Amino acid sequence: MLGGVETRSVSPVFVGRADELAVLTDALTRAAGQEPQALLIGGEAGVGKTRLTEEFLCEADRRGAVVAVGGCVEIGAEGLPFAPFSTALRTLHRLLPDELAAAAVGQEDELARILPELGETPRGPHDEESTARLFELTARMLERLAADRTVVLVLEDLHWADTSTRHLLSYLFRALGSGRLVVVATYRADDVHRRHPLRPLLAELDRLRTVQRIELSRFNRAEVRRQLAGILASQPDEEFVASVFDRSDGNAFFVEELVASRASGCLTGLTESLRDLLLVRVEVLPDAAQRVVRIVAEGGSTVEYALLRAVTRLTEDELIEALRAAVGANILLATSDGDGYRFRHSLVREAVSDDLLPGERARVNRRYAEELEEDDSLIRAEERIIRLATYWYYANDAVKALPAVLAASVAARRRHAYSEQLRLLERAMDLWEAVPEEVRGELRPADYTEVYPPCGCDPATTPLQRLDLLAEATVAARFGGERERALKLTKTALRLLEDGHDPLRAAWFWTERSRMIASLARGDGWEELARAQELVRGLPPSQVHADVLVRAASWGMLHKPGPDNLVAAERAVEYARMVGAEDTELNARITVGSLLVDSGEPERGLAEMYAVKDRAAELGLGMLVGRAHVNLTSHLESLGRSREAVELAEQGAELVKNSHLMDSEAYIRGNLAESLYSLGRWEEAATQARRTLTLVSSAAPRAAAVVRLAYLALARGELAEAAGQLTAARAHFGSHDGQPQHRIPLFRLAIGVAAGEGRIADVRREVAAVIDHGFPLGNHRYAWPLLLAAASAEAEARGLPAAEAGREEALTVLRTAARSLATPVPVWSAHSEYLRAELLRAEARDTVADWTAVEEAVRPLERPYLLARARYRLVESLLAAGGDREAAAGLLQEAYTTSEQLGARRLREDLALLAQRARLPLVPVDAAATALFAPEADPVEALGLTSRERDVLRLVAAGHTNRQIAGELFISPKTASVHVSNILAKLGVAGRGEAAALAHRLRLFGPVTAQAAGTR
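Sequence positions in the sequence shown follow the numbering used here and run 808 to 1823.
These are calculated hints, taken from the structure and not from any lab test. Here the structure is a predicted model, which is why all the values come from computation and not from measurement. Each residue gets a CB set at the ideal place from its N, CA and C atoms; glycine is no exception. There may be inaccurate statements among the hints.
[What the hints assert, rightly or not] Restricting the straight-line Cα-Cα distance to at most 30 Å, the calculated cross-link-like pairs of lysine-lysine (DSSO-like) are:
| hint | residue 1 | residue 2 |
| --- | --- | --- |
| 1 | 1781 | 1793 |
| 2 | 1367 | 1295 |
| 3 | 1298 | 1367 |
[Unchecked claim] Label-pair restraints from in silico Cβ distances:
| hint | residue 1 | residue 2 | range |
| --- | --- | --- | --- |
| 4 | 1615 | 1534 | 47 to 53 Å |
| 5 | 1305 | 1090 | 28 to 34 Å |
| 6 | 861 | 1792 | 29 to 35 Å |
Work out the full structure: start from the sequences and follow the hints.
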């Protein structure tokens, strides 16, 4: 190996870039204060990204930071999965072995997918959360490693990054929340064309305020002069500066090449061609050195010395002499670990590689492949498979390349690098027809595939088929987040299966297609599932058959509840048991348990799901453990057992968090937020909902969390916030989501917002729309609160002229809908009683007995907000009937205390104004003097309104426009507008309709007649 070879074309003086270096060193300072830093350095090839990074790393080293550098590797059409992270982490493992081991403790198997030195890479599990789990573990490991020391992680040449590397970098930039960590990534800006895969990532990172982007421009003439002075160790003459500046156009690397060419006596041979400029110094090397340089160019970004010696077939002395010439000419450099060689600049490597003849390139790649097959110790084990696949592919040897590419796809899958697995599988399919059938016949599914379940054949003896590769590629695309590609692959596969020769495999692809259609919001997926069911009908039991049945039953449970779903789920359990597919059986049993709860057998259904939860935990099936917790907590809440649901959800959230099942954790925490809301623990509910939003990118759990926040905002009287969250939830769910459990709560929120803003016509439209969809079996838990909200809106609007038309019909619609709903447990019986009373109030027929029954039904339920509202109505009724004022005062005080504890502003204001009108204390009598409002206070004055604003609000409540108000009060329309704006601000409402609704709800003025309202 070589060392200490002097190179004279690089300036020892760091030129320019003072501002950029300052940004980097400032990031180092910030990181020392436990504030992780993320930076991107971009610029054209040769502009000086590497030199700037080296200067920064010198400063980091001077400050005592631990530095690790990893470069993205360009190998053929795809990079090595996680290559820069693996290299950088390997450095950290070497520098901080004990500390890194402690940071990775307990998760070594998973983290070995990125850093193989930590142990053996496990075969599974593989699912849509696998990559996210790995990314989360990596982020937490880096945070722990950088907890008490500054760590600088540099990832070079991001333009060559594989998809998995790009995704991991994006995740890190978003997820790092603590630690003394600086992550710097460099990329070649001129390579990032419009369709380059890095471009979307750069756009995404630009939107993050935590990421700083540094763009390097070319040198100006003065900076080129300083660079030349540094290289030449003397001041250059101006004619030479002008010549170099004109030829290099300020590109630092080209400046160095021009100086080196001049020093080699080749200046007269230069042309304007960039390629010729880069090749000119290679062509003056000795023949042996030129040959070595060409071989290194085809080997990848770095070539190990042992491999290079084997491929060149030179003696050690001859190889070292050739390398010395190439390193001395500043064309090759020894790697930092002293184990291999790379080009000083990738531009030179690209130029040399492009200059190879086609046959020459194939021969060099074949030589690399043959030597790797002969001796697997020449390179690291984790790189050998992918590099062997690449070398055989570019050697144009399809027979050798196909099994090598397939083996590389298996290695990528084991590292959860599903995007790279997909690219390799696509390459294998491209090679398929070029390989003789007898050779393909020797390949076995057991060696290369695992997603398609064996059905009537032995994967160890049956020949591999193209359909096996399509199945594997479909799932790889889905796991890698490339759903559009997965959808296209299913279409290709189903076209090959049109002749009906393999109905089970066709059913499998239709099931996958259903999943993709639904996830892409192209439909609900039922048409595809129906095709799958038709294909398996009448066939012997198999895992595919069981999978189709359980998926159909689950779809029906969520979209079209009915008894047929339970039959299908139970048959799926039976079939899965017959073929020994226990994971499918357990999944089906969760569906059975859920359907039993919905059909009126709650205890049996819960027992089934608890049993599955325990068995799945015993088998280590994390996804099923997560699903069991999701369904159990949801059903416990639907049964009114919120305290149990909270306890189980807290346990489940921690359990799946430890397994890094982020979507499962998000669903469980969403359910936890719902149950906490029911129990009146609103701040905790909000915390859980917000935490859910930080966990996932999947639409459904994000939407559910947003719905929870919207309910909180609505209950607190924050109508604008509730409306914004409703809009966000609709966007997350999409227009094709037909699940009643998603649809009905959105209608409930829309009704609440419309009612709060005094838009009774919109309330009725929303009710008509949701009833048109219907309330399927098991969805009474969502329907009862919706109908109650609509009935309350009708009761509040009683007396408004705008509400009179259509009132009777609207109340009839609500009563009819309620008759179709089940009341299987006390919580829904209480809602039914509450709804009946509200409908009577809407007709001015409610009595003290009605509201007493409601209060008694709600009191045992541990639903403080619902109870406070019921007591408010009971107090109103008692006072209107001249009932027991002392009892009314006690109920009023309890309800007011609850509203204050919850932060239910709107209910609190209603209760306060009721107390003022009735001259009842809101606190015990001896402290009544300190109450918020004196009992004798005028309710309107208590709101802070002047006498003029009282007159304006009365007319606003009557539906007058500003011009009509001006005419009535003999003021200008502009003055009326100012008064209205002041009123809205004092009332804390967003618009005139909401102000009118508030005035009417609080009975601030007498009944509004149609004549008083005027015409509009």
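Quick rundown of the hints versus the structure:
no.	hint	verdict
1	1781 to 1793	19 Å, holds
2	1367 to 1295	28 Å, holds
3	1298 to 1367	26 Å, holds
4	1615 to 1534: 47 to 53 Å	33 Å, violated
5	1305 to 1090: 28 to 34 Å	57 Å, violated
6	861 to 1792: 29 to 35 Å	59 Å, violated
Checked against the numbered hints above, the structure violates hints 4, 5 and 6; every other hint is satisfied.
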